[in-house]
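Here is how the chains run, residue by residue.
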Amino acid sequence: MSGTFVGMPAFPKAAHQAVGNATLRANLRHATHTIRDKRAKAVAELDDWARLREAGKQIKDHTLRHLDHYLVRLEETVTAAGGTVHWAADADEANRIVTGLVKDTGEAEVVKVKSMATQEIGLNEALEAAGIRAYETDLAELIVQLGKDRPSHILVPAIHRNRGEIRDIFAREMGSWGRPAPEHLTDAPAELAEAARLHLREKFLRAKVGVSGANFMVAETGTLVVVESEGNGRMCLTLPETLISVVGIEKIVPTWRDLEVFLQTLPRSSTAERMNPYTSTWTGTTDGDGPQTFHLVLLDNGRTDTLADDVGRQALRCIRCSACLNVCPVYERAGGHAYGSVYPGPIGAILSPQLRGTASEIDASLPYASSLCGACYEVCPVAIDIPEVLVHLRERVVQGGEFTRHGAKVTLKPAQGHAAERAAMRAAGMVFARPGLLRAGQRLAARTRRVHPRTLPGPGRAWSATRDLPKVPGESFRDWWQRTRGGRDDGGQGQQHGKKTGSGA
Amino acid sequence: MSSRDIILGRVRRALGDAAGRTPEPYEEYEAAVDRGYLREHGARTTEQTVDLLAENLADYRAIVHRTDGEELPLLLMRLLAESGAQNILVPPALPPWWLAAADPVRIHDRAASTPAQLDKADAVVTGCAVAIAETGTLVLDGSPDQGRRRITLIPDHHICVVRVPDQVVSSVPQALERLDPARPLTWISGPSATSDIELDRVEGVHGPRTLEVVLVTGAD
Amino acid sequence: MTDEEEPALRVALFLTCVNDTLYPDTGRAVVKLLTRLGVDVDFPAAQTCCGQAHYNTGYRHQAEPLARHFSDVFGEYEAIVTPSGSCGAMVRELYPRMGERARAEGRGDGLARTLAPVVPRTYELTEFLVDVLGVTDVGAYYPHTVTYHPTCHGLRSLGLGDRPERLLSAVKGLELTELPGAAECCGFGGTFAVKNSDVSAAMGADKVRNAESTGAEVLCAADNSCLMHLGGTMARLRTAMRPVHIAEILASTEEEPWS
Chain A
1 MSGTFVGMPA FPKAAHQAVG NATLRANLRH ATHTIRDKRA KAVAELDDWA RLREAGKQIK
61 DHTLRHLDHY LVRLEETVTA AGGTVHWAAD ADEANRIVTG LVKDTGEAEV VKVKSMATQE
121 IGLNEALEAA GIRAYETDLA ELIVQLGKDR PSHILVPAIH RNRGEIRDIF AREMGSWGRP
181 APEHLTDAPA ELAEAARLHL REKFLRAKVG VSGANFMVAE TGTLVVVESE GNGRMCLTLP
241 ETLISVVGIE KIVPTWRDLE VFLQTLPRSS TAERMNPYTS TWTGTTDGDG PQTFHLVLLD
301 NGRTDTLADD VGRQALRCIR CSACLNVCPV YERAGGHAYG SVYPGPIGAI LSPQLRGTAS
361 EIDASLPYAS SLCGACYEVC PVAIDIPEVL VHLRERVVQG GEFTRHGAKV TLKPAQGHAA
421 ERAAMRAAGM VFARPGLLRA GQRLAARTRR VHPRTLPGPG RAWSATRDLP KVPGESFRDW
481 WQRTRGGRDD GGQGQQHGKK TGSGA
Chain B
506 MSSRDIILGR VRRALGDAAG RTPEPYEEYE AAVDRGYLRE HGARTTEQTV DLLAENLADY
566 RAIVHRTDGE ELPLLLMRLL AESGAQNILV PPALPPWWLA AADPVRIHDR AASTPAQLDK
626 ADAVVTGCAV AIAETGTLVL DGSPDQGRRR ITLIPDHHIC VVRVPDQVVS SVPQALERLD
686 PARPLTWISG PSATSDIELD RVEGVHGPRT LEVVLVTGAD
Chain C
726 MTDEEEPALR VALFLTCVND TLYPDTGRAV VKLLTRLGVD VDFPAAQTCC GQAHYNTGYR
786 HQAEPLARHF SDVFGEYEAI VTPSGSCGAM VRELYPRMGE RARAEGRGDG LARTLAPVVP
846 RTYELTEFLV DVLGVTDVGA YYPHTVTYHP TCHGLRSLGL GDRPERLLSA VKGLELTELP
906 GAAECCGFGG TFAVKNSDVS AAMGADKVRN AESTGAEVLC AADNSCLMHL GGTMARLRTA
966 MRPVHIAEIL ASTEEEPWS
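Protein chains in written order, with the working numbering: chain A, 1 to 505; chain B, 506 to 725; chain C, 726 to 984.
Chain A on its own, in the form it takes in the complex (with noise of 0.2 Å):
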């Protein structure tokens, strides 16, 4: 197939510089192809996972399918149970309802459990502009937030640093956000740990606002779930006065009785164990136990519009395993700022050009940063069909059409970048719908082989920078097929058979 591809986005500049950056390589190799084992043994030890996998799906569906009927529903619950529900049209609703929430308690700080949607919507810049200090208490968010770096995994946001670099960070920056790295600090796992624990605990100890997410809203009861596994969790879920959740509206599960199915398949798809260490399930207040005051913030910021799409809604199955990051070779090698979002990897690619649209150079490249090759899928707890979603955005980008954003119908028009390409697939798209046409260029591209190049220029370049080009035959299979009424005259196998691509001329 032959086309020019002009106005390369912004994905394939940011992992060119990720692919030739070895460290990093090696640190996403080494982590990515561990708990990709550990994530087979553990899916591997119970033979129903594909029953469990498609009831997650189911439920979910059903879910996204009333999603108006159980987010009243859960309004209703959480109330009842003495929470205060908050809606948020979009990330500077949230962000200004939080940060009001906060302000009414009189606090300066608050203590955060690690969230997808409060980095999402960026409240920790939010509650810094109010002049509300946010500590991350996830390890990983921590080594990120002293690191004064970005997330690039959704599980482990510091995935792209190794223990070395873990231990540079702790000791150099630990000491102006409290208490110091202890003296003499190795690179050993344990020890960072230990680092971890004795920096935060003052911090928990003292907090009185803990800010959360959650992995589940149970509809049904009201009840909402923290997945987690160092106890950081725990601890800003039950030690604070006020706790504050920031959630998706997708989030929902309809009953109780369907975390039977997500606390056996997310924990396996995650961090590969049979069980993550703890669970929190909260049900508004408890008199006597945890938060006194507990306030929910549903959140929209894109989610509707990307429910409004029936190929693109799977996406909203989401329950950020990030199984898929793990076991994705581009994910691998690009690693995960290369997607110019929290959520990179393959569901990155298919949530961010939806929550976001795909007006901006990066969103609308996302959809092309994948080899199609299917990992992603198979090993979704959800099913979510990532390829299929990411041939539609494709569809989406070169071709326009409606969608809606901002809960409103657009029309976009087809993206400029894209206009050769566009011209190239019209051309073979014409070539192809005449034989003839075909044969007539076979045999003019076998006619002039030998002056064929072995480097492309333009667009071309970025096949045989790296790779040789095929040989082209002296003969089309049709023109062969023609010449020897389909092999019976020519005496067995045909002509000298040459080696195959670039062994040679």
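A portion of the hints provided could be inaccurate.
In silico contact screen, one side only, chain A against chain C (beta carbon under 7 Å); selected entries [unchecked claim]:
| no. | residue |
| --- | --- |
| 1 | Gly131 |
| 2 | Ser371 |
| 3 | Arg394 |
| 4 | Glu395 |
| 5 | Val398 |
| 6 | Met430 |
| 7 | Pro470 |
| 8 | Pro473 |
| 9 | Trp481 |
| 10 | Gly487 |
Just so you know, the hints here were simulated from the structure itself, not pulled from any lab data. None of these values were measured; they are calculated from a predicted model. From the three backbone atoms N, C-alpha and C, an ideal C-beta is built for every residue, glycine too.
Take the given structure of chain A and dock chains B and C to it, following the hints.
Same frame as chain A, now just chains B and C:
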């Protein structure tokens, strides 16, 4: 228009015909989800289920002890003595005889206690609501023999007594059936851990770094 | 093998545009192999392209006429055999989806109905051999060390499983070595190879290194698109291995070695 109305309106428009069609979708829900997955994995005797619990607890680095009601006080005394605990937290209604032989000073968790005060405790001894064999999980539901959530969080050493076989179930689905969602639940599978450094599991972060589980028969 | 009494099974070879143009040897190998197994192979000359590159790059509407053309060309045959996992997956997995999308867009059932007949009758070569002909020993001889790369669409879309390995294991003289990380994508991915060439090249280089580590002389796959990418990478990395399509190995016999 409130943001609530805006969001619900967007959802209904996004769903087209589906929205509002079934004011009470729970019946449809029953039909929408195939519950053909297993209620438990494998057939085991009660004894084998308890063995599996012990095995899976140990696999995630919990220290497992087995005893009977008669020996329980002595075992708890020994475990606390070996850990060197001076002060221990106890939930309001832990059966008093469990700690009849134990030496450490008891700290009682009061509503007014601050986290910093509780931080002086070296260990905590509790019961549990249910234990899950297939995953090696203990679930605490805040009952009087378990106390507030924070008492099993702040001390560095948690000793949890599981009455076997009554409190043991095979699987996650069976555990959820027994639990009351209105209560605040804490599911514990091994000591606190992290996979945040190179995606390799390391035990011991903010929650108790030592988790000891006593599987006790005849303790009622 | 088919019984002498039975009429020979008549199948259409769907060679794919890439093989037709760049890898005619693979086509000849399929013809030789199937003929040896008693199959009457036809090559409908009007065939062109299944539309996969259009579809996967986002040009579904331009892939539709190609799919219709495919259905016109192949609709009459009992079986359609292709030596390409990804083009086979295009027909089997994505043609039905194209029909569904057209329906969802309010364009009726026309496309779905047009494409329906070819979907269940399209087989990837190894699938056809094992499932339809019921053979794993095709009487081949190939005295080389071979490692096999299962391509993504064959593995995950069509679910070929271990069919190719079973066929290769039965080849006389062939020593099959296990490819580390076999299930990982080689990095071709159609237009991905150009649009994200850095990542694609890195994936290709890793795959080639894994293949080299087996000590095999030949890297075999059931899809020449992937082999084009891997072969090009091998040549650039100056590895001693060569890429060979599985059809060419299975076509090779003691009397008539393939190459």
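Right, here's what the structure says about each hint:
no., hint, result
1, Gly131, "42 Å, violated"
2, Ser371, "3 Å, holds"
3, Arg394, "3 Å, holds"
4, Glu395, "4 Å, holds"
5, Val398, "4 Å, holds"
6, Met430, "10 Å, violated"
7, Pro470, "5 Å, holds"
8, Pro473, "5 Å, holds"
9, Trp481, "5 Å, holds"
10, Gly487, "5 Å, holds"
The earlier numbered hints that this structure contradicts are 1 and 6.
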